[in-house]
Structures are given as structure tokens and as C-alpha cells.
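Please build the complex by placing chain B on the supplied structure of chain A, with the hints as guidance.
First to last, the sequence lines map onto chains A and B.
Residues 849 to 1272 in our numbering are what the first sequence spells out, letter by letter.
Residues 733 to 1533 in our numbering are what the second sequence spells out, letter by letter.
The set of hints was computed from the structure by calculation and includes no laboratory data.
Quick reminder that beta carbons are idealized off the backbone N, C-alpha and C, glycines included.
A couple of the hints might just be wrong.
[To be verified] Computed spacing ranges between beta-carbons, pair by pair:
id, chain 1, residue 1, chain 2, residue 2, range
1, B, 1318, A, 1098, 52 to 60 Å
2, A, 1013, B, 1395, 32 to 40 Å
3, B, 1456, A, 1035, 15 to 23 Å
4, B, 1328, A, 1035, 40 to 48 Å
5, B, 1328, A, 1055, 40 to 48 Å
6, A, 1013, B, 768, 18 to 26 Å
7, A, 1013, B, 1456, 55 to 63 Å
8, A, 1098, B, 1395, 41 to 49 Å
9, B, 1395, A, 975, 45 to 53 Å
10, B, 768, A, 1055, 52 to 60 Å
[What the hints assert, rightly or not] Far from chain A, by Cβ distances over 10 Å, these chain B residues were calculated:
id, residue
11, 755
12, 766
13, 768
14, 770
15, 810
16, 880
17, 948
18, 966
19, 1073
20, 1097
21, 1104
22, 1170
23, 1372
24, 1383
25, 1407
26, 1461
[To be verified] With a straight-line cut-off of 30 Å between C-alpha atoms, the simulated DSS-like cross-links for lysine-lysine are:
id, chain 1, residue 1, chain 2, residue 2
27, A, 987, A, 1052
28, A, 945, B, 1428
29, B, 1416, A, 960
30, B, 1307, B, 1428
31, A, 960, B, 1395
32, B, 938, B, 1089
33, A, 945, B, 1395
34, B, 1201, B, 1301
35, B, 1307, B, 823
36, B, 1075, B, 953
37, A, 960, B, 1428
38, A, 960, B, 1510
Here is how the chains run, residue by residue.
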Amino acid sequence: MFLRKILKFITGLKSTFCSQGSSFCLFAVQLILLFYNGQSFALTTETLPAHVYSPAFRYGQINGLENRYTETGTLVRLTDYKSIEFDADTLAKFNTKANELIATLNKFGIYKAGDLFNLGTLEIETKPEIKYFAPVLAKGISETWTIALGLPVIKYSNTIRLNQKFSNIEYYNQFRGLSPELDQALDTDLANETQQALINKGYKPLASQEKQFLGDIQLVSIKKIIQNINSTLLHLMTVSLPTGPEYDSDDLLALNSFHEFSVENKLAYVQKVSYFFEIVPNLSFKYIFPQKINVRIPTNKDDVLPDQNSKDEVTKTTGLFYDAGLNLGLSVSEQFKLTAGYLVGQKIKDSYSNSSKGDSNIIAEKSDSKWQKVTADVSYSTVQNYLKNKKFIPLILSLSIYDTIAGENIERRLGQELNMTLFF
Amino acid sequence: MTTIQKYRLLALVFSVMLSCAPSVQDSENKKPLTPELQTNDVALQQMHKNPFATVGFALKKMGPKKNYTQKNIQNLFEIGQLLKDQNANEKAAFYLNQQESVALKNNKAFAETYYLQLVEEQTKNTLKKSVSEVEKNILADTDRIEKMISDSAEILADQSRPDQSLKEQLALAEDLISNIVDKIQSSDVFSELKIQIPEKLNAEAKSFLANVQSFDLEFSKMQTLTEKLNLMTEYLKKLEVQIDADYLAAFKTGQELGLSIDRITDPQNTLQTLALTWKMLTVEERIQHFQSANQSLYELFNKKSDEDIQCLIDGNCTGLISKLVLKIGVYPEIEKYGVEKIKADLNQAAIGFLSGKINATAFEKIKELPETIKSRIRDSVEKNIGLVQDFKNKFKFNLAEGLQKKLKTESLGFYITSNAEVELQEQIALMSNDLYSIQGLDGSEKLVKQFGLIEKVISLVDFSNQQKKLLRNGLSNYLKNPTEIFLMSTLKNTTNTLLVKDQAAALKFLSLMVTATADWKSGPFDSGLTEIRAQDLISDFKSDQLNQSVFPKTELFNICFANAVKILKQIQSEKSLVYLVNNNNERVAISDYLSGKNHPTVALAAASDQKNNRSMNVTKVADLALMIDALSAFSQATKGIENSQSQILKDPEIKLQIENANKNIELLVLTLANFISSQMIGPKNLVDDAYDFETKSLSQNYQLSNQVAAISALIQAYETTGIHIYLLSAKELYYSTNRNYFDQQLKFYKNSLSETKTVEINKDDVLNSLNHLISIRKYLNLTSQVQFDRIFENWYVAILL
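One chain only, chain B, in its complex shape:
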């Protein structure tokens, strides 16, 4: 073998060996699948010729206009809110006003409202305490003012003398009053006293003194005793001065004397007047006035007995000797002295006497003046304290009166009734519409709506057949106590039936109210009702404490939140209409689940109506969708609740409860959404109307309203829980709805799969469908969004026309 042959052989061997080199097989591992859309949106324009309605077509198909129900108005308002379309809001508000003007019944007076009852309950203790405090302060300050008056009185006592003229006495009195006023005004006594007492003193005392001064002036001008006494009579009456019996007797005697003096014309009646004067005087006065003037006359009278003096006064002395003495001795003596002179002297003496008496009386009265003022002040204070007590007792009525004036209406239109019964569903729709309509209102109209809404929130308790029991311990306790409440369908509670849709609708409305009154958000209650202070409603009584808001936003929030919690509490209660469903589609009561130690895996929840305390076997998709809507609304409403200034929410235990409740709410939304999306889906990816737990089967009934409600509920579940699979499921349902319900002739969705010929379309269905489907629009791709708009736009325009 040559070398070349050797190498060839070698190359061959290595070639064979290399060709034997094994190759490694690669694995086929790849990324596993995740849930994806199974179908795409149907292109209606490719399927049908001219599938979309024109405005004219829509108007023709919807037929003549008819009255809107509260539910329709609610749909229109909600569409307006979602699309931020003012036209829809205005149209809805228009229909709402129209409805309220004819259908609002059961007017409620303000004094009968739950809200004012609540204010009364809540302020009872505070007000009582506050009034007691005011009383105490006023009485203490009254004591201080009395002390000031006593101090001033001491100065007066030093300056005042009995011989001072009335004019001088009056000047002193004026000084006293000015001094008291100055002292009160410069003190730090209760403001009302500081203002009122000087005002009263100035008004009453100074006017009195001015009158007395006027009297003094006129008194000095009068000449005769009779004239002066008549003036006194006139002023006593004018000044309303009360005089005692002695003084009255003396005054009467003085008047007799005056008349007697006026009658003096001869010695005989002069003697009569002198005898009368003698009789009126005391022994000392007789010496002072008679003995100094005429010794013989004094002796004559002094020797006489009282009977003799009286017979002289009466002019009927019968004895001969006496007559002789008078004729021979007395009369000539009188004539000698001069009848006129005696008359003048007597008049002068009587006036002098009277003036002295007046001055002495004035002295006495002015000495008593400080005590009089004190007495008058205390009377006034007691009267005022009485008014405060009265205010406290009638606080609710005072507020009610004030509200009537402020809200410019005597009562609230309350329940709306389209038939004999007051139905909860209709009432809740009305309340929702009232809430939506606040935005466009101002002035008293806005105040009425706001107050009415809060009152209606509290009045939901009237729909409970436990109303009396719930309110047994007062409204305040009812709101504070987180007991569950079940709402009946009608106000009269004629049937013992509890409906899921009622509880859900109430919870949704209350959640909207929580959002509207949340103090950490801006909303329709930022102005209007919440700005009203108690003082704005109460004019009779002024107090700093009345400057607080009667309807503070946090209080309104507390009311709405407390009621919403009561509805939520029923879900956890033994009688709950909502229940969990285990993997074998068996119902598990939420209360049992929560109290159990070993929790089975549960991913489903549903709800059924109850009749005579028995849960129905059937659960309806519309109810579940409503419940998701309500729970999501509550979850949304309480976002940021940690920022609330509400005192109730500051309690760490309450905070923890709310946190846990929100987690449970999310779980409940999720489990309800699971039930719809996994248990109620029939063929063609459409949602069935109902599921029967007894037969564990669907009802085989597919309505448009259920499809749109389910789509909306699944979108809400997605937005509440963040679980993407609900969005996919909602899209799948929407595509199926477009595929199966869109009707070529109707140019809109038909109401049920079984419908073959549809002639007319109800605008309620258009509104309901649009309201429920708007939420999915933003999640559709551009092509589907355009198609969505084309399906609805002209129907919507036609409705707003």
C-alpha cells in the first residue's frame, strides 16, 4: 500500500466516523397560552345593507312621545353624566320637573322631618348644657352688675339730702344712671347684658326722669293747691307710679283741702278751711303753723274737741255759746286779718307743705332707686332666661320655621307615585334623579332638593317592616348602630317579599350619595345646604354657637354612609339575599362561610329574592348585574375615605372595619362576576336570564336587557378588581350581542333572540342599552368604536330632539 493509499484509507475511515456524529434533538417547549378573545367584533356594514338608522328612521320607529318614567329619566341622566353631555342632562332635568310637578305626593312639613328630629336629638344635650352655661354666666354677671349699682348708690347716698329740691334730686338720679351705664359698658360682662341693660336703663329710666323733670317745671307754674294736685294726679297716671293707701288717703285729704281753700270767700268758710287744716296737721305742725301765725286762733282750736273741730269743718255747730263765740270773737278776728290773706296764706302753706312732701318722697324714692334698678334688671334677666329655655325646648320648631323661610316652601314634596302604591324602585330612581339634577340648580330650589335628598335617605327606613323596632331608641341611635336593614318593595309592606333589585338599587343610590357628600371630594353639596348656619334660621336668639352649620357636609356624609353600611350589613347577615356558591354549585350562606373555620374554596356568588323568609331557587342575571353595579359604586365612593374628617371614621376600629369591608366587597363583586361569566353563559356566548339551583340548569331565555346588563357588570368588575379576564368576557359578550341581536330591519338590537318581526322600538330600550354599553366603548378597538357610535348616534339624537 502506498502512502497515498494509506491516507485515502485514513480519510475514508474518518469520514465514516464523522458521519456517525450524533445530533441532539431540540425540545419543543414554548410559552403556554393565556385567555384570549375567541371571536372578533362582527362588521355589521359588511353583513347588512345600510344597517344603521338615520335620525328620521329612528324618530319614526320610536313612535309618538310618551311620558318618561323615573327609570328612563335616570338612564338619560346617567348617559349625560357618562358622555358629559349637557343636552342629555337638561332634557332629563326637564322631564324630571314635569314629573315632580304632577306626581309628588305626601308632602312633609319641616318640623316632621327626620333630619330635624335628628338635629334635635343630637343637639339636645349640647343645647341643654349650652343653655345652662349661658344661664350660669348671666346670673353671675347679673350679680356683678348689682354690685356696680350698689357702689354707685353709695356715692349717691353721700350727695343726696331730703331738703334738696326735686330738680336737684333728679340730677342726682341722672348721674346715678349714667354712672351705672358707664360701669356696665366698661366691664366684661355677658355681651347681651352689656348691650341690653344700658339700653333699657337709658330708655326707661331716663324717659322717666325726663317726665318727672317736666312735671317739676309744670308744678312750679301752678298757683293753687288744687291745680298742683291735679297735675300730680295726671303725672302719676302718666308715669304709671303706684302709690300706697296712706299716701292715697293723704292725697285725698290734700285734694279736699285744696277744694276747701278754693271755696274761701267769707269768714265762715275760712274758718271751716282752717278747721280742716287743723285737723290734717299733727300737734307739732299745728304749733308750727297756727301758733306762730295767730295765738288766739291756735288757742281756740286747741281748746276744741275733735267733734267740735268736725262741726266747725262741717259748719253745723249748734250750741248758742259756740255761735256767739264765733260771731263775736272769731269771725271779726278773721275779717280783721283778712279773708283773702288767710286764703293766700293757707294756699301757700299747703303748697309749701306739698312741695316738702314731694321733695321728701323724691329723696326716699331716689334712695330706693338703685334697688329699683336692680329689681328691674333681675326681672329682665329672668325673663330672658325664660326665653332661652323656651328656645331650647322649641329648637326644632324654630329651625323648621327658619327653614320654611330660607327654602321658601312650607313643606317637602316627598313620595312619587305613578299608581296607588309608593314603590321603592320608583322612589330610588326619583332620588337618583334629584341628585343628578342638583348640578343645574341654585338658590332655594337647590336647597329644597338637597334637604329633600338627605331626608329621603333617612326615610328609607320607612320601607323596612322593622321601622318601629329600628327607630325605638331614636334616630341618632339607629344611624350609629350598624344593624342591617332590609327594604321592602312598597311603603305599605303589603307582601312579605324581599327583592334583590330593591336592595341593590338602594345601595347604588346611597353610594352615589356617599360620593356626593364625601367631605374629601368636591361635589353637589359643597354649597347650598351645607352653608346654612343655625343663626340663619333662628332670628329670636343670638349666640356664637348658632354660627355653626346646621347641615355640615361630614354630618350628611355620616347619614348616607351609615345607611349604605346598613344595606351592606344585610349581605353578611343570616337572612342575606346574597350567598356564595361552592364548586359543586351548592349555595353557602355568607354568614356560615365567614363564621366557619375551614373555608372551602369558593369562587362564585349569586343572589335570590326571598318570599316568606324563603330563598327562591332561581337567580337572575339582571339582579346579579345590579348588585355588582351597586357594590362597585360603593367601592368607588369610599375610595380615599381615609381622608375624611368625619369623627366616626377617626375610630381605628371603624377604619379597620371599612378596610375589611372594602376587601370583601371586591371579593363579592368578583364572585358575582364569576357566576355571570362562567355559570350563566349559554350557547353562542350569550347570557341566560336565570339559573335554577334546584335543577342546576339555565332557563334558556336570552334577552337583550340581560346581555347589556351583564356587559356593564363585567366591565365594572374589571374596573373594581383589575382582573383582565372580565374585560375579555365583556368584549366576548358584546361581540355576541352584535352578532345575534342586531336586526337589519330595525337597525337596532332586537329584544330577544326569538323575536322575528319587530315593527317598533321602545326608546326605553335604546336608553337602557346605550346606558349599559357606554362603559365598554373605550375598551374596544377603533373599528368597533366607530361601529358602536354608528349603531347608537342617530337613535340618541332622536331621543334628545
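Just chain A, with the same shape it has in the complex:
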């Protein structure tokens, strides 16, 4: 019984790994994945000719989410980071019954056997993976302005396994039969207890899952503000519409990164150093409009797994996203182009409106983050050939690989994306 109480706490600790306002989740991914978007690495620096339509299909996957940069910037496995050791100190801290049990075990022999009691480490092994497919339709309004509409379809899978490791319960089996409470403690299956604690609190049990849904529809505008022979200044604006899944406060595995109404503005300056080589410094910020969400409000810092009746509708004000990047483009030939990019950014801490159910500020803790990302992109284009002899279908095929190489309070993202853009 007493272990269950502790597990409430332990399971609640997972919330500390959630970030960016998604309280009480096992992980949260800032999933901005549309083309023309500053955070999508194949940074577009061209607009379509006027009246030209360009359908594009993007297919990508993000993995590496099982690793996370901690608040000190160390990259750890989520499994290790989220695991917790149930030693005597931990047990005694949170429950008087456990304290009593340890004190009792300390009476056996001269070795303070209670102090050495260890139920082991509970590891929550997760392997989240996101695949997406996004049909995009762009249209050149004028020679310097293109707009686009994207419908991202997300396929999210997560394999989860709860393991209890490194316990010394086996040694303490010799004490079996002495007290029902001790027997119960020795029989503790941390995985089951965790699941049971979640169910009791009205959460969905932690189980592997796979689902597919429509993400937030995005509207994009690309406008060349200044254009010279060797340089261009672009403004990219992305508006996300809240069409994706709403915030789910009962599902600790939910991504909870959708259903946002946001605007991102990016300024990119393209400087052709030579015919083959260009550099693209860029700056961006993203603003998410305050939204009302239904979340569980903890009563205090120790209330890490709030009850079902703690749900309340609060206004979430997501902190601003800032980043700055530099892309280097190298045209190997008329068809092939290689691009490498580096991005550094940060997010401001979220804030929540007050709630009568508890302290909503607790949810916002550790929602600020920083990141540094790199990307490599190779593209093949038939556009030039098409313009020369009209013999080819005008299209661009590209493959991007990107990774988060440093950060704080953020999951690592290692992704690949295949993109095919047609023009007609």
C-alpha cells in the first residue's frame, strides 16, 4: 500500500521530463515540420514564378527522441534519466509506513538491513518514432511572393516497456512470512504498481501505441523583400491552424504538441558568394497565441500526479521561440545541390493563468529550452533542364538529415526527410 503512494510521486517525476508546457507527459516534441518553415531544414530561398502551381510531397521520420538533453545540457537516454532507484532513503522519505518497515528491518542483525533495502530501479524504456507525410500545394502569386498550404498527416508510434532492475529483494526474501506489509513490499512489481497508480488517478496506462492523425494545417507565405543579382532578403511566415489533436491531460504518452494557433516569422538573407556557393544567415521567432487548455493542476510541488478532479481549464501562454541560423549551399552541378546548416535557438518559459484547483505555475517549470541543430541536405533538380529544353518534368527531389547536437530541456531529434516538389 505504501509503495503505491510512493509510486504516485515517482510516476509524477516523469513530468519533469516533459517540456514546453506539456505538463505530465513522458516526453514532448516540438514538432514543426512543414516545408518553407524555418525549423524545417530544407530552407527554401526561392519563390515560384507567378501563377505557377507546385504540389509537393514530403515524407519524413524523426527518431532519436528516446534521448534528451537535460537542464544541464547532458544528453542522456530517457530510460536512464527517467528511471528512479527505490532505495531505503527514497522509500522512507515519502511514506511513514515504509519508514517503519525500514526501521523494523534494521532490527535484524547487526548490519542495518533496512538501510540497505532496495526495491530496485524502475526504468521506463520508450522508443517513440514519428513519421509524417505532408502534401503541400504552393502557388506563385507573383514573381516575388509565393503562398502555400500544407496538410500534415502524422503517424506516431511509441514502444514502451517498464522494467524493474537492480533490486536486492532476493536477499530480503528470507524475511518473507514475517509481516504482511513486508511481504507486500517484497512482492512489489514496480511496473504493475506504476500502471495501477496511473489507472487509479484516471490516467491511461502506459502501453505501446501507434496512431495516425491530421496535424495542424499550415499556411505559408514567402516573400522576397529585396532581390539583387547575388543577394536576396526573404520573409517567411508560417501560420499554424489548430486542426491537430487537442491537449490530452489523461495520456502521459500523448505528444500534446498540436492544436496550436501560431505565427512564425523568419528573415533569411541569401548571399551568393560564387556561382556555386551561397550562404544564408537567418533569424526567426515564433509566437503561439494563448490558448485555453484543460490540464490537471497540481496542488503543490509534491503533487506530481494530480488527481482527476484537479482538472481545470486554464489559459496557456507559450513562451516565444527564437533562433538564428546559417546555411551553406553548394551547387555541385546544375542538378545537384548540397546544403549544410546550423541553427541555435531558445524558447522562453510558458505561463499559465491561475487556477482554483492548485498552483498552475508548477506546470510551467522546465518549459524553457535551448537547442543547437545541424542539417545536411542533398537535392536533385530538373528545373534548369526543363527551362532549357522542356524535355523533363520540372521537379526537385531532396533528402535532408538533421540532428540536435546540443540543448537544454529538449529531446534530441534525429530525422530524415524526403521531399518531392513538382511544378506546373
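Chain B only, in chain A's frame:
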């Protein structure tokens, strides 16, 4: 930019990117620690020069031999048991005999023993029922035998006639008896009757008939009436035949007649005899015998009055006429007939008459013979039934007498006293030693020890100040009723003090007795006492029911088990000397704990002596170790108890109680062991002498005897509960003992930490230390085992010399 330059730039960019690839930091999770030994055994040989004693050194240090106490003998026996060393057992048995021969007091007669009282109580109802049953059967069979006799009598009645000679009558009587004997022997009557009645008939009746036959033969040889009557007198006396007054008067008259006939010499006394004969006969007989023989004589007598006849008999008739008639008429007539002839005729007639009478009497008597036999049989049966009743009433004394003979001693040496008081501790040590010594005994010596042990087990009740109350409803009830018993230190109960060590010692001994008498195990009570049948002790009365054992093993087990349970019951009682201790080191009465609904977490138990019904504040490690020893012994003794054939243990409720009790005993052992190993450990990992609950502090007194007792207790706790941590704790204590107590000069352990100069060593300490430490030896590693042997071996050899 050339193509080569392009590729170089590209390679550089990718190199930079690859170098940025983050690496994941591994976690440092590892297997957590479990309790492990904190220290290792000290290598004494490396610490000291020549640390171990030689035999010579040991002999010198232990000093001159002195008398062994019962406790020393017990230690030696226990070492012998543990090491399976016959030398130690023999030595201990030798010292035990020596002690018992001088110190055993308070002899107890068998009839006064509790055991025979118990047998009497337990058999009272059965025996009563059994005897009543026997009585009923005997009486029913007696009726059947009487019927057989009546049937035989009817055959006899058909064959017997009054005119038959005595010889013929005797033959018929013999046939009758043979017929009765045959019928009884071929019937299914009670075996004792079937044997005894024919035997008696043959012995008594046939001998009687043989005598009568002898009489008949001699009777026929006698000539005169007087001779024949004298023979009759002789045989009547010989055969112890009782005759009635009429017959006696007739017999007297017959003797007078005989004498009168013998005196016939002339007509005058012939007439006197004839007159006497006339007087003796009836009117019909006078006609028959006188008228036919001599009409004139008949007429003469017939005319005479009785007075005249009497004067003729007396020979003093005075009338002249009468004298003339006699002289002129009668005497000449007699002379004419012949005096001698008359004498012969009279003799013949009298004998004929007598023979007829004898035959007639014999006829009558033989007719009565069946009834006589019946009467004799019934008398005999009633006498036997009386004996059975008597046997029932004196059963205990009969057994006691039988035991005296069987055990070849008149009484049991009972209490041992080394001073004025009979002390429980000493008595229990004696009992334990008696038990250990049975193994080497046989014959009556073994029987005496076995009986004495059981008697002593029951007699523990004498050490209770509630003895009278406990035995109020009889011994049988006392044993059946699982009431607690508290034992005082002395038989006289002079102080109102209850000691933990007394209760513990009693429980341990009773547990050893439970092991010894357990019917599902082989043990020292398999032969000897348990083989004695009641019939072996009772010779006066034979019965199939007496073929059962007087001391069946299950009954001995019941006695020992019941007493052990009584000691255990006291632990659960309100006045218990043992109590639980909560995590704040506050005492909680076991009865309160058991009756409470919300049990606090309790992992400790301890025990304290009581004085005037008040528990002392101090608990001593030696007492706790003894209690663990006793409880473990009980737990060990009752392993497999479900296989017992004891009727008491067949009761499902009792079985459940035993099961629960054993669980509680394990818990008690564990909590006591916890108290020693967690609360009584002082600096240097040594066990303190005592803990004070009032001041919540240790006494700061560290004795060797406490260390070895604690080590032994923790090993027992490990073996009873299977909890490994006690073994580790015991090893830790043992290593600390080696480190802190081993003395270079003494070449053995010193008795206390504070001792600086030790000149001599007491062999009691060697025995006590060895006895307690043997149990840990098998758990030590090889090096420590070798060191253990070297510490003790020569001291042990010196003790056995």
C-alpha cells in the same frame, strides 16, 4: 572554384558536422548492496607467538580435579552429542553416576508416584467397566454351567436307585462329574471358568469319591458294628462331612448298640442288648426283625411298657414276677437259642441295617450332588469376583509392587541437592543428564532412569506455587488442560521470584523429552519402559486387557508435550516474563499484542525476571539466549508432529493450535534474536550483558559467557528461521570474540574484557565455551575451522583425561 575545391569544401563541412554528433552519457546503475560480513576472522597465530595450548599446558592451567556439577556434566554430555564423541558421553555418565550415588535425596515409593496416580486415574473408568463386564460374563457363564449340571443330573436320576450299593452309587457320581467336566470343557464359557471349574471338580470331588471308595472297601472288611462305626467316625472326620443332629443321635445310639452287642456273654446281657435293639426299632422294624425271628420274644417285648423295656436294658427290673418270668421263661429260651447265635444275628442285623442306612444316605447325597456342585461353583465364582474387585481397587498398588520387582528397586532416588534447597536449575540439569545417559544403559538400570524421567517431568508441577490448585481436579485433568505453569527456583518456593532462565531451562528439557518420546521418531524410549505390559507387573490376575503396555510411548509423549505446552502457554499469558518491544524500545505485553486489533510493527522481544509480580527493568542476554535455545529445541522437537499417533493430536483444533504455536515460536525466536543482534551490541561488535529499559542503555559489561551464548543463540535462530542475517551476525560476534578475548598467556579466552592477568582457567568455562561455539564451526571457512580446532582441541583432550 574547381570541382576538387568544391568537394574539399563539402568534405570539410561534413567533417565538422560529424564531429558535432552528440554522445549519450551512460547511467551508473548497479546492483545494490546486501548485508555482508564487516570483518574477517583474526589469525591468532600471526598475532601471537605459540597461541594454542598443549595438553600439558591445559592440565596445568585447569588445576586439580574437582567435583563436576550437574551443569558441567550437562555441558559434557551435550558436547558428546554434538561431536558424536563416545568418550565424552562415557566420561559424563561416569560423573553423573558418581553424583547420583551421593546426592540423590527424597526417595519416592512407586505407589506414591505421579505416574501411577495418573495410570490409576486414567484406568479407573476403563477398569471399572472392564471388571463389570467380566463379572457379567462370569455370572452368565455360571448360569450356563449350572444348566449343564442340571442336565447331567437328570441322567443320573434315571440310573440311581436307593438299593444300590455304595460302590455303585460312587460309580454313578464319578460318571456325573466326568460328564459335567466334559460338557464345561467343550463349551465356550469364560476361559477362566473353563479351566478352573474342571480343575476344582477333578481335584475336590474325585478325591472325595476316592476316599469314600476307600471307606467302602475298609467298611466291608470290618466284622463288628463297633468296628464299622469307628471306621465311619474316622472317615467322617477325614472327609470333613458335616452330619445333622438326628443323624448324630442315631449314630450315638448305633455306637451304644455296638458296645452292647460286644458285651453279650450270657442270657442276661443278651436280653439287655435285645431290649436295646427293640427300643431302637420302629413298630414295623420290630415286626420285621423280632416277630419273624422269635414269636415268643416278640410277644414278650411287645407286652412291655417303655419303662419295662428300659429296666430290661438297664438290668434293674425289681418285680418278683418279672424276675421269675425272666429266669424261668426268657433266659432258658435265650440259652436254648444260643447266646452266641443271638450275638451274631444281632451283629449281622445291625450291620445290615447300617449298610442299608449308608446306601440310603449315599443315594440321598448323590441325588443332592449336582446341587452341591452348583453351590460349590457359585461360591468359588463369587470368591473370584471378589478378587477381581479387589484387584480393581488395588490396581495402583499391584502395579507398584510389580514395578518394584521389575525395576529391582523399592523406590526412586528423586531430587538432587548440593545444598539445603532443591533447586530447579540443578534438578533440570540432572534430568537432562539422565536423559542423555539412557543411551548407554540396559536392563533394570535403564528402566529406572526411564521411569524416573517421566516421573520427574510430571513432578515439575511441584515447583509451582500453584501446585495444589493445578492438581485440584486430578493429575489427568491437569495434563489435559493447557493452563500455563510458572516454575519457581526452589521446591520450597521461599521467594516470590520468577526467573527467565528457569522457565527456559524447563522448556528446553521438556523439548528434549518430547524428542525422546516422540512416537514418530526413534529414540531412547523405543525399548525398555515402553515394552512393559501390565501383565508383566500383575501376577495375581490374568486378563487379555493387561497385555497392553503400561507406559506406551504415545502416553509418555503426551505427558512431555503437555508439560512443554504449559511452559509455552505462560509466554502468552498476562504474567509472561517474555514481552515484545516496539520500535521505540517500549515493552508491549504479548497478550496485549495478540488481543489488539491494530498490531504495531514489532520486530523485537525480550524477557525479564519478575519479583513480587513486577517485571524487572533489565533484560539479560544470557536469558534471551537460553530462551532462544529452548524455543528452537521445541520447534525442532515438534517437526513431523503430524505423523504422531497420539489421540490428542488427532483433534483438528489441537493440530491447528500447534501449527499456529510453531509459527509464533519462530517469530519469537526471531524477535529475541533481533533484540540480541541489534539492541545489545556494544562497541567492538560485542554483546553487552544487559539492557535497561528504564534508562534505555546497555550495562557496559562484556563477559565471555555472554558472547558464546549469543553466538549459539544466533546460530539457532538462523537454523530455526532460515534468516541468513543471523548467521552473519553470529560470525561477526565470533570474530570479535577471537579478536578481543583470546589471551596470549592463557592460550584461551579470558572471561571478561577487563581481565588483565589470568593465572588459572576453570574447566567449566572451557566446557561452556566449547559447547556454545561448536554450532558455529561448520559455518566457518576452512581456515577458521582449523583455528577453531586448534583453540579447543588440547583443552578438550585434557578434560577427558
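To see whether the hints hold, each was checked on the structure:
1. 1318(B) / 1098(A): 52 to 60 Å: With Cβ atoms ~47 Å apart, the hint is violated.
2. 1013(A) / 1395(B): 32 to 40 Å: Roughly 34 Å apart at Cβ, these two residues keep to the hinted range, so it holds.
3. 1456(B) / 1035(A): 15 to 23 Å: holds (20 Å)
4. 1328(B) / 1035(A): 40 to 48 Å: violated (25 Å)
5. 1328(B) / 1055(A): 40 to 48 Å: holds (44 Å)
6. 1013(A) / 768(B): 18 to 26 Å: holds (21 Å)
7. 1013(A) / 1456(B): 55 to 63 Å: violated (23 Å)
8. 1098(A) / 1395(B): 41 to 49 Å: At 46 Å between Cβs, range holds.
9. 1395(B) / 975(A): 45 to 53 Å: About 48 Å separates the Cβ atoms of residue 1395(B) and residue 975(A), which means 45 to 53 Å holds.
10. 768(B) / 1055(A): 52 to 60 Å: violated (40 Å)
11. 755: The assertion about residue 755(B) is violated, with a minimum of 7 Å to chain A.
12. 766: violated (4 Å)
13. 768: Given a closest Cβ separation of 8 Å, the condition is violated.
14. 770: violated (8 Å)
15. 810: holds (26 Å)
16. 880: Residue 880(B) clear of chain A: closest Cβ-Cβ about 74 Å, beyond 10 Å.
17. 948: Label holds. Min Cβ-Cβ 96 Å, cutoff 10 Å.
18. 966: holds (96 Å)
19. 1073: holds (124 Å)
20. 1097: holds (90 Å)
21. 1104: holds (82 Å)
22. 1170: holds (37 Å)
23. 1372: holds (20 Å)
24. 1383: holds (26 Å)
25. 1407: violated (8 Å)
26. 1461: violated (4 Å)
27. 987(A) / 1052(A): violated (43 Å)
28. 945(A) / 1428(B): Cα-Cα ~24 Å, so holds.
29. 1416(B) / 960(A): holds (16 Å)
30. 1307(B) / 1428(B): Roughly 22 Å separates the two Cα atoms, so the pair holds.
31. 960(A) / 1395(B): Holds - the C-alpha atoms of residue 1395(B) and residue 960(A) are around 25 Å apart, at most 30 Å.
32. 938(B) / 1089(B): holds (23 Å)
33. 945(A) / 1395(B): holds (24 Å)
34. 1201(B) / 1301(B): Distance of about 17 Å is within 30 Å: holds.
35. 1307(B) / 823(B): violated (41 Å)
36. 1075(B) / 953(B): holds (19 Å)
37. 960(A) / 1428(B): holds (19 Å)
38. 960(A) / 1510(B): holds (25 Å)
Violated hints for the displayed structure, listed by number in ascending order: 1, 4, 7, 10, 11, 12, 13, 14, 25, 26, 27, 35.
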